[in-house]
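Trainee: With the hints as constraints, model all of the structure from the sequences given.
These protein sequence lines map, in sequence, to chains A and B.
Numbering of the first sequence is given in the numbering used here, commencing with residue 1 and proceeding in unit increments.
Numbering of the second sequence is given in the numbering used here, commencing with residue 1 and proceeding in unit increments.
Calculated from the structure, these hints are not laboratory results.
Treat each hint with caution, since some may be false.
[Said to hold, decoys possible] Sample of chain A residues lacking proximity to chain B, with all beta carbon distances greater than 12 Å (derived):
no.	residue
1	Asn121
2	Gly145
3	Val185
4	Arg228
5	Ala284
6	Ser295
[Said to hold, decoys possible] Listed next, with one range per pair, are the computed distances between beta-carbon atoms:
no.	chain 1	residue 1	chain 2	residue 2	range
7	B	Glu193	A	Arg281	48 to 54 Å
8	A	Phe238	B	Thr212	29 to 35 Å
9	B	Arg53	A	Ile112	44 to 50 Å
10	A	Leu305	B	Arg53	33 to 39 Å
11	B	Lys196	A	Ser158	24 to 30 Å
Think of the CB as a built atom: it goes at the ideal place given N, C-alpha and C, for glycine as much as any other residue.
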Amino acid sequence: MRKNQAGVGLSVALALLLAPLDSFAQEKKGAAKAEEAAEESAESAADSSEGGEAGGEAGGEESGSGSLEELCKIDPENCVKVDMDAASKRDIDADMYAVQQIWALRAKRFEINPYVGVTMNDQFVAHPGPGIGLNYYFLHWLAGGVNANVYAGMNSESNFNFETSRAARVGQPITEYQWNANANVTFVPAYGKFAAFSNFIFHYDFYFTLGAGAVSTRPIAVVDPDNRTFAFSVKPTFGGAMGIRIFFTRYLAAMLEVRDYIFWEDLENPSIATGFNSAGRPLAQDPSTWLAGDSSFTNNVQAQLGLSVFLPFSWSYVQAK
Amino acid sequence: MTIKHSILAGLAGLVAGLAVVGSASEASAQEIQITGPLAGAKAVRRLRLHRDRRFDIAPHATFTLLDEFRRHALFGARVNYHFTDWFGAGLWGAGGISYNTGLADELQTKAVDNRNCAANPDTLACKRTAVSLCRGSECLGNSQLGSIVWMVAPQATFVPFRGKFSLFGQAFMDADISLFVGPAILGINERAECAKGTCANPAAFALESRVTATATFGLGFNFYPTDYISFGAEFRGTPTTWNTSGFDIAGEAGNTPDDAIDSNDRSFHFNPMVSIFASFQLPTEIEVSD
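Mentor: Below you can see the structure in the form of structure tokens.
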């Protein structure tokens with residue numbers, strides 16, 4: 001019941017987040033910011049270019065100094081002082097970029113990324129848990145950082161595990177996780193924008209992450225729970241991720257990532273040792289007999305849904321649009 | 001309240017807090033009124049209409065995800081006609097093959113082959129699993145594990161998001177995100193039903209075809225390198241109840257085995273799957289919006 005309440009609370013909070021933010025985008029009817037509207041001019045110019053026409057750009061130029069003055073009155077701080085006569089005589093580089101001036105610039109910014117992780121590939125035990133990532137973007141497309149997940153107290157065995165074990169009378173070795181922590185390198189090769197219902201625009205990017213770190217896990221005693229109690233132990237881990245970020249503002253984005261944490265896992269010995277050791281104790285109580293001989297290559301594939309907050313909140317572009 | 005619930009509640013609070021902070025700071029910026037030539041301008045102009053009044057024919061390969069006992073590779077095609085750039089209707093169909101997951105192979109080895117219940121029928125494990133486990137080499141896949149054989153789905157497609165993306169700010173491509181929903185008809189192979197007292201009989205371990213109707217929905221990412229060829233991927237869910245294992249896991253009284261295989265042993269599955277496709281748009285000429 002409490003779990004459901006927490007889930008409902010999270011859903012309501014996400015809805016609260018998403019509902020008002022829809023209106024941030026670049027709406028029609030003159031309600032959008034001047035800067036965003038100007039970007040749309042560039043957008044239409046780019047689209048024209050892609051379509052082999054130049055009408056969009058020409059239209060923008062024709063608006064002349066009159067409209068520039070009006071824009072400067074509205075936002076004098078960001079007013080661009082251009083000698084229109086001189087500018088009109090300059091050589092024009094007709095190449096248009098897919099994204100003229102990146103709306104959500106990441107270079108030299110910190111990213112704080114709280115998220116919730118959900119197991120995707122373990123049908124026997126779910127390992128959900130919160131996590132947080134911290135990154136610094138050295139370049140717009142390259143970041144270094146760390147992330148950590150906490151699983152302690154949240155591992156839960158599935159009905160599938162119970163039903164399969166009961167029907168087949170086979171004890172499947174299962175494990176629980178405590179935490180993991182990783183150092184990461186993130187690449188952001190693709191950046192773009194979408195028009196939703198042809199009415200407002202949101203920006204997004206795709207990214208890839210490579211990382212390595214440590215994970216703390218232990219087997220859950222299934223075969224001989226009367227004698228066996230396992231302690232958590234730390235193992236090295238590595239892996240990669242791919243994800244998408246959707247920007248609501250220049251500093252706030254929702255993110256969804258699929259990450260594979262790879263490590264060699266210790267599993268419970270499916271056999272119970274018989275006999276006694278030299279001290280006369282049953283071998284079944286000897287911890288050295290509790291683990292299976294070989295470690296198991298494990299992929300913990302996890303979906304991570306959360307938010308990205310970029311700091312500082314704002315910046316100045318080196319070049320005007 | 002447990003640690004888990006405390007953390008979830010804390011995260012909900014964090015999200016709510018960020019929502020309030022985010023909305024408050026940006027709302028004021030929108031008060032600037034555009035009075036220049038851009039006032040009332042469209043958010044997007046001169047949009048290439050990749051879908052408007054065009055057919056979309058897409059052969060695809062589809063792979064099921066999170067499979068318990070059988071993985072599926074389905075192959076087929078999608079045919080849509082788009083009445084507008086944001087709405088279309090059509091048919092999605094696929095059929096294919098299935099094969100054992102690692103868990104199914106492990107069960108076959110440990111619970112079937114190693115026990116050799118045909119030769120040791122009186123052991124406790126063999127007696128207790130007589131209704132739920134077949135006997136014989138590779139019998140799980142051949143006589144009791146369920147699989148999806150084919151699927152047909154008439155579906156409506158909505159395209160709310162349309163845009164483009166760039167790779168390192170250089171190469172760029174048109175893209176859109178589509179949502180689709182519709183009824184689905186599934187052809188399933190499932191362990192045949194048997195009445196109490198008969199299910200331990202070797203003849204009771206046999207697969208039977210069943211056709212069931214349900215709904216399907218999902219979303220697709222579509223990329224347009226040219227005016228008439230695109231490619232992309234779709235994620236699809238087709239929730240339905242079926243018996244993937246062939247086990248006796250429940251009965252009329254609830255989650256207690258009743259030594260019968262019937263509809264009580266079916267359980268809910270979301271049946272997630274991913275398709276990759278190449279698509280051809282006809283006619284090949286494309287229109288551009290104002």
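Trainee: Does each hint hold? Answer for all of them.
Mentor: Hint check:
1. Not every CB of chain B is more than 12 Å from the CB of Asn121/A (nearest about 7 Å), against its label as outside the interface.
2. At the 12 Å boundary, the C-beta of Gly145/A stays outside the reach of chain B, the nearest C-beta of that chain being 19 Å off.
3. Residue placement check: Val185/A keeps its beta carbon more than 12 Å from all beta carbons of chain B (closest about 16 Å).
4. At the 12 Å boundary, the C-beta of Arg228/A stays outside the reach of chain B, the nearest C-beta of that chain being 20 Å off.
5. Every CB of chain B is more than 12 Å from the CB of Ala284/A (nearest about 20 Å), matching its label as outside the interface.
6. Every beta carbon of chain B lies more than 12 Å from that of Ser295/A, the smallest distance being close to 16 Å; the non-interface claim holds.
7. Take Glu193/B and Arg281/A: their Cβ atoms lie about 52 Å apart, and the range 48 to 54 Å holds.
8. For Phe238/A and Thr212/B, the Cβ-Cβ distance of about 43 Å falls outside the hinted range of 29 to 35 Å, so the restraint is violated.
9. At about 46 Å, the beta-carbon gap between Arg53/B and Ile112/A stays in the expected band of 44 to 50 Å.
10. A beta carbon spacing of about 37 Å between Leu305/A and Arg53/B agrees with the range 33 to 39 Å that was offered as a hint.
11. Hint check: Lys196/B to Ser158/A, Cβ distance near 27 Å, so the stated range 24 to 30 Å holds.
The structure is inconsistent with the numbered hints 1, 8, although it conforms to all the rest.
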